[in-house]
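*Asks:* Protein sequence lines, in the order shown, are assigned to chains A and B. Positions 1 to 116 (the working numbering) are the ones given, in order, by the first sequence. Positions 1 to 113 (the working numbering) are the ones given, in order, by the second sequence.
One thing to keep in mind: the hints can contain errors.
Stated by the list, open to error - With a cut-off of at most 16 Å between alpha-carbon atoms, the simulated EDC-like pairs for lysine to aspartate or glutamate come out as follows:
hint: 1; chain 1: B; residue 1: K100; chain 2: A; residue 2: D57
hint: 2; chain 1: A; residue 1: K11; chain 2: A; residue 2: D56
hint: 3; chain 1: A; residue 1: K15; chain 2: A; residue 2: E104
hint: 4; chain 1: B; residue 1: K100; chain 2: A; residue 2: E104
hint: 5; chain 1: B; residue 1: K49; chain 2: A; residue 2: E104
hint: 6; chain 1: B; residue 1: K100; chain 2: A; residue 2: D56
hint: 7; chain 1: B; residue 1: K71; chain 2: B; residue 2: E88
To be verified - Computed footprint of chain A on chain B; a stretch qualifies when at least three of its residues, placed anywhere within it, have a C-beta under 8 Å from a C-beta of chain A:
hint: 8; region: 39 to 45
hint: 9; region: 70 to 81
These aren't lab readings, by the way, just hints derived from the structure by calculation. We put the beta carbon where it would ideally sit given N, CA and C, even for glycine.
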Amino acid sequence: EAGVAQSPRYKIIEKRQSVAFWCNPISGHATLYWYQQILGQGPKLLIQFQNNGVVDDSQLPKDRFSAERLKGVDSTLKIQPAKLEDSAVYLCASSFTSGASYNEQFFGPGTRLTVL
Amino acid sequence: AQSVSQHNHHVILSEAASLELGCNYSYGGTVNLFWYVQYPGQHLQLLLKYFSGDPLVKGIKGFEAEFIKSKFSFNLRKPSVQWSDTAEYFCAFLPSGTYKYIFGTGTRLKVLA
Numbered sequence: 001e002a003g004v005a006q007s008p009r010y011k012i013i014e015k016r017q018s019v020a021f022w023c024n025p026i027s028g029h030a031t032l033y034w035y036q037q038i039l040g041q042g043p044k045l046l047i048q049f050q051n052n053g054v055v056d057d058s059q060l061p062k063d064r065f066s067a068e069r070l071k072g073v074d075s076t077l078k079i080q081p082a083k084l085e086d087s088a089v090y091l092c093a094s095s096f097t098s099g100a101s102y103n104e105q106f107f108g109p110g111t112r113l114t115v116l
Numbered sequence: 001a002q003s004v005s006q007h008n009h010h011v012i013l014s015e016a017a018s019l020e021l022g023c024n025y026s027y028g029g030t031v032n033l034f035w036y037v038q039y040p041g042q043h044l045q046l047l048l049k050y051f052s053g054d055p056l057v058k059g060i061k062g063f064e065a066e067f068i069k070s071k072f073s074f075n076l077r078k079p080s081v082q083w084s085d086t087a088e089y090f091c092a093f094l095p096s097g098t099y100k101y102i103f104g105t106g107t108r109l110k111v112l113a
């Protein structure tokens, strides 16, 4: 079974530039999560999709971050414009369905973003 | 605020030593509890989980964790560690009825051969 795919694996940009990350979840997984993991911290949930609808985006900095999941499969996370404090690993995870009746989250390899 | 505390940021053990990693959560209601592991160069993966029933849960690779509700704790244990257990370990919880997983800051374990 193919895992969660993410690209790119690494990205270096200057502050105020834009960047986009892509995630392809495991086939058949309805729920998709984006996490931000700053060095020395645990993953922090940014946004959760159930199919193509947003379940929770309470921790997404909406003035600069946006995410979409068109057609309920792939997802993109965008930062525009980037700030130094956005340097982090961005993790994508998917599960068969959402947490109320538990299904394991499977994580992708992450995208390491460095903002200079 | 809902949060998870992992008391040890770095742990160094020799092979065959016993392991206990502390985890305490801050939430007054029912929770689901998890330990995740990230081996060097690999993805985060689930080690074990607690939803209900027996508070002592067993996971992969000989790990176990005990949920003590009165202490809001979910400590991870292994009686005898191996060099291959070198990894970063994250405790997480999911407030019942919600979708927001809350992770701790992680503990880096290094096992010396």
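*Asks:* Hint by hint, note whether the structure agrees.
*Replies:* So, going through the hints one by one against the coordinates:
1. K100/B to D57/A: With Cα atoms ~10 Å apart, K100/B and D57/A stay inside 16 Å; holds.
2. K11/A to D56/A: violated (26 Å)
3. K15/A to E104/A: violated (36 Å)
4. K100/B to E104/A: holds (13 Å)
5. K49/B to E104/A: holds (9 Å)
6. K100/B to D56/A: holds (8 Å)
7. K71/B to E88/B: violated (24 Å)
8. 39 to 45: holds (count 3)
9. 70 to 81: violated (count 0)
Hints 2, 3, 7 and 9 from the list above are not met by this structure, while the remaining hints are.
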